[in-house]
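Take these sequences, add in the hints, and give me the full structure.
Protein chains: 2
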Amino acid sequence: MALRLVFVVGMAGSGKSCLTGAFSEWLRQQEQDVVTVNLDPGALDLPYEPDVDVRSYVTVVDVMERYGLGPNGAMIAAADMIATYVKELEVELEALEPDLAIVDTPGQMEVFAFRPSGLFIVENLTRWPKALVYLFDACFSREPGNFVANIFLASAVYHRFFVPQAHVLTKCDLVEREDVKKMVGWSSRPKELLEALEDSLTGDRRLIARDLVRAVCRAGASFPLIPVSSTTYEGFLNLNMVLERLVAAGDRYTF
Amino acid sequence: MALRLVFVVGMAGSGKSCLTGAFSEWLRQQEQDVVTVNLDPGALDLPYEPDVDVRSYVTVVDVMERYGLGPNGAMIAAADMIATYVKELEVELEALEPDLAIVDTPGQMEVFAFRPSGLFIVENLTRWPKALVYLFDACFSREPGNFVANIFLASAVYHRFFVPQAHVLTKCDLVEREDVKKMVGWSSRPKELLEALEDSLTGDRRLIARDLVRAVCRAGASFPLIPVSSTTYEGFLNLNMVLERLVAAGDRYTF
Numbered sequence: 000m001a002l003r004l005v006f007v008v009g010m011a012g013s014g015k016s017c018l019t020g021a022f023s024e025w026l027r028q029q030e031q032d033v034v035t036v037n038l039d040p041g042a043l044d045l046p047y048e049p050d051v052d053v054r055s056y057v058t059v060v061d062v063m064e065r066y067g068l069g070p071n072g073a074m075i076a077a078a079d080m081i082a083t084y085v086k087e088l089e090v091e092l093e094a095l096e097p098d099l100a101i102v103d104t105p106g107q108m109e110v111f112a113f114r115p116s117g118l119f120i121v122e123n124l125t126r127w128p129k130a131l132v133y134l135f136d137a138c139f140s141r142e143p144g145n146f147v148a149n150i151f152l153a154s155a156v157y158h159r160f161f162v163p164q165a166h167v168l169t170k171c172d173l174v175e176r177e178d179v180k181k182m183v184g185w186s187s188r189p190k191e192l193l194e195a196l197e198d199s200l201t202g203d204r205r206l207i208a209r210d211l212v213r214a215v216c217r218a219g220a221s222f223p224l225i226p227v228s229s230t231t232y233e234g235f236l237n238l239n240m241v242l243e244r245l246v247a248a249g250d251r252y253t254f
Numbered sequence: 000m001a002l003r004l005v006f007v008v009g010m011a012g013s014g015k016s017c018l019t020g021a022f023s024e025w026l027r028q029q030e031q032d033v034v035t036v037n038l039d040p041g042a043l044d045l046p047y048e049p050d051v052d053v054r055s056y057v058t059v060v061d062v063m064e065r066y067g068l069g070p071n072g073a074m075i076a077a078a079d080m081i082a083t084y085v086k087e088l089e090v091e092l093e094a095l096e097p098d099l100a101i102v103d104t105p106g107q108m109e110v111f112a113f114r115p116s117g118l119f120i121v122e123n124l125t126r127w128p129k130a131l132v133y134l135f136d137a138c139f140s141r142e143p144g145n146f147v148a149n150i151f152l153a154s155a156v157y158h159r160f161f162v163p164q165a166h167v168l169t170k171c172d173l174v175e176r177e178d179v180k181k182m183v184g185w186s187s188r189p190k191e192l193l194e195a196l197e198d199s200l201t202g203d204r205r206l207i208a209r210d211l212v213r214a215v216c217r218a219g220a221s222f223p224l225i226p227v228s229s230t231t232y233e234g235f236l237n238l239n240m241v242l243e244r245l246v247a248a249g250d251r252y253t254f
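Just so you know, the sequences run in chain order Y and F. Take 0 as the starting number for the first sequence in numbering that gives the first Met the number 0 and just add one per residue. Take 0 as the starting number for the second sequence in numbering that gives the first Met the number 0 and just add one per residue.
Among these hints, one or two may not hold up.
[Stated by the list, open to error] Examples of chain F residues lying across from chain Y (beta carbon under 7 Å, computed):
1. Met10
2. Gln31
3. Gly41
4. Tyr56
5. Val59
6. Asn71
7. Ile75
8. Glu109
9. Arg159
10. Gly184
11. Ser187
[As the list claims (entries may be wrong)] Listed next, with one range per pair, are the computed distances between beta-carbon atoms:
12. F:Glu93 to Y:Leu95: 58 to 64 Å
13. Y:Thr201 to F:Asp250: 24 to 30 Å
14. Y:Ala1 to F:Tyr56: 41 to 47 Å
Hints listed in this document are in silico derivations from the structure and should not be mistaken for laboratory results. Even glycine gets a Cβ: it sits at the ideal position worked out from N, Cα and C.
Now the structure itself:
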């Protein structure tokens, strides 16, 4: 067995569960031996059947009832409690002997990415190679200011986990082709993002945004976005090539 | 009436509600005419009695029951629904005729800061001067990598709202004095943060962190942190001086 793990991370509503479901389905069609892992104790309906599911151990609704917590407190408590089941999850996962696991993370990114338990899970859920996919929601990111906010969030996530990170533009079927092109352009040619910021902002706001984008570019932080759609499977071939490079030295997972 | 609004924003568990309660109490002791506004539809127990409360209009638990949603979906739906009550909230708020309103925001920062409704509320909840307080949790931020992640998040928030922003280090009573000094040093003297990163990281991770911090510093993004404690009221005098500058041209709110 040579397992690889791909964690799917992004803001609430950015399409993590849909991507997990659709991309794993697509990989199965390519005869890749892939399983899905759900780490979201607050998920109610998932658009896929997880092979390993943290909700076997803890759910937000249970935590609300058992400890008399509100949804906020229960979500944090449940996300933290996942960490105590990392050994059980690992045993379940390795028993399936897959070559690749797509790992869906909690709906609210911050309870996973910016609390100790999330880092603990990424570091301790098996010792196999790992990568992370950070999702840019195409509907949200087409506004240049939001695109920049997403760059900062992606940087924060990268700083937190420090595993190889791919950047994906989701929901491309929901925006115009022109908008997809525009955002992919922004991600690979910072000058175009700067121009868009110039056009959309005025005064101080423009100056500050420009300085910050320039700074991030100078630091060599690069976010080439892979446009995908979990509805049409568009872009999954490209996404897969990038992930194969990140976790399997460019090879297929299953031969 | 000359109302000013201060929005309290930070990651889940960073101390938003405690700061809202303690700081408003302290301001009352200084004979300032202050009210509190709760914008978190998911709050169960608040450490203060909000004068204006979004839960009069919508709660996460109601949304879960009424629409059969899980906690994730209900939290997003409820946060979005707040926006439809902005007029009602404004009428309630202005009827109180305060000179200052401290506005507590939803527990999960991303459902407020990075969804359309949050921006809509900050822009449309009255036409009075506004500022934002971004919270760095001292317990989380004392690790240099987490401190950097928080800088990126604070930048993302700034880019999203573009209102004057103060940066506060919360829970200073829970960490050693040495750690407080260290973090305040990192925030005002980037060189010290770079040194801490050098010590705590190795290899590639060190190089990349260094480049990014340098870039943010070069861009003039400055995050002088105001250390506070909502338990001991330490630092509230300083926080208030900064907020008076941001929203009241350096004057007191109430004479």
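Hint check results:
no., hint, verdict
1, Met10, "holds, 5 Å"
2, Gln31, "violated, 29 Å"
3, Gly41, "holds, 4 Å"
4, Tyr56, "violated, 17 Å"
5, Val59, "holds, 5 Å"
6, Asn71, "holds, 3 Å"
7, Ile75, "holds, 6 Å"
8, Glu109, "holds, 5 Å"
9, Arg159, "holds, 5 Å"
10, Gly184, "violated, 19 Å"
11, Ser187, "violated, 18 Å"
12, F:Glu93 to Y:Leu95: 58 to 64 Å, "holds, 59 Å"
13, Y:Thr201 to F:Asp250: 24 to 30 Å, "holds, 28 Å"
14, Y:Ala1 to F:Tyr56: 41 to 47 Å, "violated, 54 Å"
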